[in-house]
Amino acid sequence: MKTTIRIQREDFDLNAEVAALTKDGESGAVASFTGHVRKEGDLSTLTLEHYPHMTEAEIARLAEETGRRWPLTGVTVVHRVGSLKPGDRIVLVAVASQHRHAAFQACEFLMDFLKTHAPFWKEEARGREHHWVEHRESDDDAAQRWEK
Amino acid sequence: MTLLYFAWVRQKIGKGEEKLAAPAGDVAALIAHLKSLGPNYMDAFADLSRIRVAVNQRHAGLDARLGPDDEVAFFPPVTGG
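If you read the sequences in order, they're chains V and Y. Residue numbers for the first sequence follow my numbering, beginning at 200 and rising by one. Residue numbers for the second sequence follow my numbering, beginning at 886 and rising by one.
There may be inaccurate statements among the hints.
Computed list of lysine-lysine pairs in DSSO-like fashion (alpha-carbon distance at most 30 Å, straight line) [said to hold, decoys possible]:
| # | chain 1 | residue 1 | chain 2 | residue 2 |
| --- | --- | --- | --- | --- |
| 1 | Y | Lys920 | Y | Lys897 |
| 2 | V | Lys201 | V | Lys347 |
| 3 | Y | Lys904 | Y | Lys920 |
| 4 | V | Lys284 | Y | Lys900 |
| 5 | Y | Lys920 | Y | Lys900 |
| 6 | V | Lys284 | V | Lys238 |
| 7 | V | Lys284 | Y | Lys897 |
| 8 | V | Lys222 | V | Lys201 |
| 9 | Y | Lys897 | V | Lys238 |
Hints are computed from structural coordinates only; laboratory data are not their basis.
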């Protein structure tokens, strides 16, 4: 399984990432998820901080676990950090497999666990107010349903 | 021991990283020691239900044992994605 993990300030190109993931021709299916900054009220900037090295290591562990559960040919995770605006892309999870069922499920699994395990934190700026985004219990529930 | 703080934990303590010769024990003992160092630490660790821990870049619990060369990070529950 080919695994690509990048944490970067720059934007990413979904088509280029999927092309790189599938260029060996072994994958019959790619499922991808792209997360964007949601425009909510007067949100002006979302700033993402992370724990360098642990972030990459944790996502690599999650990708390995995903590869144990489904027969995958490749996984790509790109996560942005720094200052983002409403509408900007934040995260890409793309999963390649020989067949669609594994790709769909593995993509959702990996995204659910990235949300609850990868060490990123979001700070919102609204006017002059800055505050840290609170962790959502619904994200824990989404990850926990895979344990059943 | 290397200590790292992220997000509002870093802001409350007033720094992102420090080296410390902490007494032997687990994460809970380290937190008790840190809270004795000043009101900024007391504030950051006032509610441990809001604190998550990593030891050597892996998620860990309050009962994880610590050695002198470990890297210990304290941060709020994660909010990426």
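Consistency of the hints with the structure:
At roughly 12 Å between alpha-carbon atoms, Lys920/Y and Lys897/Y fall within 30 Å of each other, so this suggested pair holds. Between Lys201/V and Lys347/V, the direct Cα distance comes to roughly 28 Å. Compliance with the 30 Å bound is thereby established for this hinted pair. A C-alpha spacing of about 16 Å is found between Lys904/Y and Lys920/Y, which places the hinted pair at or below 30 Å, so the restraint holds. Of the supplied pair hints, the one linking Lys284/V and Lys900/Y holds, its CA atoms being roughly 27 Å apart against a limit of 30 Å.
At roughly 15 Å between alpha-carbon atoms, Lys920/Y and Lys900/Y fall within 30 Å of each other, so this suggested pair holds. Only pairs whose Cα atoms come within 30 Å are accepted, and Lys284/V paired with Lys238/V is accepted, the gap being roughly 8 Å. A distance of roughly 26 Å separates the Cα atoms of Lys284/V and Lys897/Y; the hinted pair therefore holds under the 30 Å criterion. Only pairs whose Cα atoms come within 30 Å are accepted, and Lys222/V paired with Lys201/V is accepted, the gap being roughly 11 Å.
Between Lys897/Y and Lys238/V the alpha-carbon distance is near 28 Å, which keeps this suggested pair within the 30 Å criterion.
When held up to the earlier numbered hints, the structure conflicts with none and fits them all.
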